[in-house]
Amino acid sequence: MTDDDDDIRAALALAHEPAPPFDETLGRRRRPARIAYAVVGVALAAAVGAAVVVWPASEPTAPPPPVALDLTSPELTKTSLVMPLDSLLDVPELATLGTLPQLGTGGLP
Amino acid sequence: MIAVAIDLLVTVSPELDLRGELAAHHDASFAWAMCCCRFVRADAEDALHAAYMRVLEGRARFGGRSAFRTWLFGVIRRTAGELHRRDLARRILTGRIVLDALAPPPDELVAAEHERARVRATLRALSARQREVIELVAHQSLTLDEAAAVLGISPGTARTHYERAKTALRAALAHARNP
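Quick note, the sequences are listed as chains C and S, same order. Numbered as in the numbering used here, the first sequence ends at 109 without a single skipped number. Numbered as in the numbering used here, the second sequence ends at 288 without a single skipped number.
The set of hints was computed from the structure by calculation and includes no laboratory data. Predicted model, so just to flag it, every value in this text is computed and none were measured. Just so you know, even glycine gets a beta-carbon here, dropped at the ideal spot from N, CA and C. Keep in mind that a hint or two might mislead.
Unchecked claim - Label-pair restraints from in silico Cβ distances: (1) Val53/C with Arg279/S: 50 to 60 Å; (2) His223/S with Arg28/C: 26 to 36 Å; (3) Val40/C with Gly129/S: 39 to 49 Å; (4) Asp126/S with Pro18/C: 20 to 30 Å; (5) Val53/C with Gly129/S: 16 to 26 Å; (6) Ala10/C with Arg273/S: 15 to 25 Å; (7) Ile262/S with Val39/C: 32 to 42 Å; (8) Glu224/S with Val54/C: 57 to 67 Å; (9) Thr276/S with Ala51/C: 50 to 60 Å; (10) Ile262/S with Ala47/C: 39 to 49 Å; (11) Gly172/S with Val53/C: 50 to 60 Å.
Taking the hints into account, I'd like the entire structure generated from these sequences.
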């Protein structure tokens, strides 16, 4: 620490303020520790967590209504099935490709 | 040197008047607590009270390995750090950290103590180590070796922090004067 540091010393002195009396500090009662806030926060979080867990379990699940099967309906008597991806196997213009071209009779030059 | 030796003899004696020692160092201790608590007065008063209780109840014992003030400053620093961490955990748990961030600036920023607030803001902008070293050396008149003992770092590291703190503080103050 040199005399050149007077500006630093002055700045630090300015940042400080007088201390309270010693006895006041010694007999100080600490501010409320905000434990109440913590307890409320934990309880709230626990309540929300419990609600999330319990809600789906306690929700009454109605049994599905009985379905009357009609064995004579067309859907149940169908014997040919068309798979939904069969269309991907179709070759475009397959009928044209399966015939011989008629050269000279067409409109081509 | 003789004064230090006498001080050590007095402090290690079983009849050490702890309360008297604390009272004798009270002003310096409060200033140090303010620095440790980033110049939040209520936090500093809490930390100082807790540190005094530790000393008087024997939960922190002076072993005589350093000057009483050096040891006491170490106790205050550790106590302030523990209180800060505990308070931070509570604020996170209760969501107050968000509310505090959204709150308007403290009164000191808009009140008559503008100059003090400006210097404090500058000091808060320093790293904790820099702020502590410059407080101990420039304001508490400790040597760099003593400051290093309080902070538990090497004297060389303390010197580095001290020089950087001075440079940063001067630059910030100059910038504040001539923005």
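Results for each hint:
{"no.": "1", "hint": "Val53/C with Arg279/S: 50 to 60 Å", "verdict": "59 Å, holds"}
{"no.": "2", "hint": "His223/S with Arg28/C: 26 to 36 Å", "verdict": "28 Å, holds"}
{"no.": "3", "hint": "Val40/C with Gly129/S: 39 to 49 Å", "verdict": "43 Å, holds"}
{"no.": "4", "hint": "Asp126/S with Pro18/C: 20 to 30 Å", "verdict": "24 Å, holds"}
{"no.": "5", "hint": "Val53/C with Gly129/S: 16 to 26 Å", "verdict": "59 Å, violated"}
{"no.": "6", "hint": "Ala10/C with Arg273/S: 15 to 25 Å", "verdict": "20 Å, holds"}
{"no.": "7", "hint": "Ile262/S with Val39/C: 32 to 42 Å", "verdict": "39 Å, holds"}
{"no.": "8", "hint": "Glu224/S with Val54/C: 57 to 67 Å", "verdict": "58 Å, holds"}
{"no.": "9", "hint": "Thr276/S with Ala51/C: 50 to 60 Å", "verdict": "56 Å, holds"}
{"no.": "10", "hint": "Ile262/S with Ala47/C: 39 to 49 Å", "verdict": "47 Å, holds"}
{"no.": "11", "hint": "Gly172/S with Val53/C: 50 to 60 Å", "verdict": "53 Å, holds"}
The structure does not agree with numbered hint 5 stated previously, though it agrees with all others.
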